[in-house]
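Protein chains: 2
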Amino acid sequence: MADDASVSNDVLNTSAQGKLKSLIERIERLEEDKAVVSNDLKEVYLETKGEGFDVKIVRKIVRLRKQDKAKRQEEEALIDLYLSAIGGL
Amino acid sequence: MADDASVSNDVLNTSAQGKLKSLIERIERLEEDKAVVSNDLKEVYLETKGEGFDVKIVRKIVRLRKQDKAKRQEEEALIDLYLSAIGGL
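Going line by line, the protein sequences match chains A and B. To convert, count from 1 in the first sequence and add 51; that's our numbering. To convert, count from 1 in the second sequence and add 51; that's our numbering.
Just so you know, these hints were derived from the structure itself, not from any lab. Warning: the hint list may mix true and false statements.
One copy or two, it doesn't matter: identical chains are merged, so the pair holds either way.
Stated by the list, open to error - In silico DSSO-like pairs for lysine-lysine, Cα to Cα no more than 27 Å straight-line: (1) K100 - K117; (2) K100 - K122; (3) K72 - K117; (4) K107 - K70; (5) K111 - K100; (6) K70 - K93; (7) K107 - K72; (8) K107 - K120; (9) K85 - K117; (10) K100 - K85; (11) K107 - K117; (12) K111 - K85; (13) K85 - K70; (14) K107 - K85; (15) K107 - K93; (16) K122 - K107; (17) K120 - K100; (18) K111 - K122.
Treat the numbers as computed from the prediction; the structure is a model and nothing was measured.
Extracted from the complex, chain A is given alone in its bound form (with noise of 0.2 Å):
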């Protein structure tokens, strides 16, 4: 895209700088949110660990229930398209 954030001179014009600098900080907190949330799951597995659980076991019902949550949505949404097809119930 050739708008006013490319480079025809080597250089940003303030406007892209402004841009620049507002896109990067947001990626930073992003990435600082998404690593205080990385540490929260590591400290709840932790303390899973700690009451005696199998981490491995706990993991894969996590996975098990997405998969059935994502299912179950995946139908709701079915049904929703095929009621509205036929004019509802």
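Since the structure of chain A is already known, use the hints to place chain B on it.
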């Protein structure tokens, strides 16, 4: 560990059931938070691209700034350590 979360006879007691449920719900909430942050990050990178910036270079800058920040924090920690060792400035 062989506390009340352990399975001695293939059945979790009520306390262990409650703990397990609570741990799994916390994990699921954190996984959802992580997915939201990851999606937000993806969108900021799409916006970055849409503004005409080279995403690969922006990623590299974010990484360099992170390394630089870590290095500066490490230096500051060492300065504090050495200063406290000699009784301050």
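Hints versus structure:
Only within a single protomer do K100 and K117 lie at most 27 Å apart by alpha-carbon distance; the minimum there is 21 Å, versus 31 Å between protomers. Taking identical chains as interchangeable, the C-alpha atoms of K100 and K122 are never at most 27 Å apart, the minima being 29 Å within one chain and 33 Å between chains. For the homomeric pair K72 and K117, the shortest alpha-carbon distance between copies (15 Å) is at most 27 Å, but the shortest distance inside one copy (37 Å) is not. When the C-alpha separation of K107 and K70 is checked against a cutoff of 27 Å, the pair qualifies only between copies, where the shortest distance is 16 Å, while the shortest distance within a copy is 44 Å.
Taking the shortest alpha-carbon separations for K111 and K100, only the intra-copy value of 14 Å comes in at or below 27 Å, while the best inter-copy value is 36 Å. With identical chains, the CA atoms of K70 and K93 are at most 27 Å apart between copies only, with a shortest distance of 17 Å across copies and 35 Å within one. Proximity of K107 and K72 under a CA criterion of 27 Å is satisfied inter-copy only: 16 Å between copies versus 42 Å inside one chain copy. For a Cα distance limit of 27 Å, the shortest separation of K107 from K120 inside one copy, 20 Å, qualifies, whereas the shortest one across copies, 35 Å, does not.
With identical chains, the CA atoms of K85 and K117 are at most 27 Å apart both within one copy (20 Å) and between copies (14 Å). Within a single copy, K100 and K85 get their C-alpha atoms as close as 23 Å, and across copies as close as 21 Å, so both meet the 27 Å cut-off. Taking the closest pair of Cα atoms, K107 and K117 come within 27 Å of each other only inside a single copy of the chain (16 Å); across copies the shortest separation is 32 Å, beyond that limit. With identical chains, the CA atoms of K111 and K85 are at most 27 Å apart both within one copy (22 Å) and between copies (18 Å).
Taking CA atoms no more than 27 Å apart as the test, K85 paired with K70 passes in both settings, with 22 Å inside one copy and 26 Å between copies. For the homomeric pair K107 and K85, the shortest alpha-carbon distances inside one copy (23 Å) and between copies (20 Å) are both at most 27 Å. In this assembly of identical chains, the alpha carbons of K107 and K93 lie at most 27 Å apart only when taken from the same copy (13 Å versus 29 Å across copies). Taking the shortest Cα distances, K122 and K107 sit within 27 Å of each other inside one copy (23 Å), while across copies they are farther apart (35 Å).
Proximity of K120 to K100 under the C-alpha cut-off of 27 Å is restricted to the intra-copy arrangement: shortest distance 25 Å within a copy versus 33 Å between copies. Taking the shortest alpha-carbon separations for K111 and K122, only the intra-copy value of 16 Å comes in at or below 27 Å, while the best inter-copy value is 38 Å.
Hint 2 alone, counting from the list given before, is not met by this structure.
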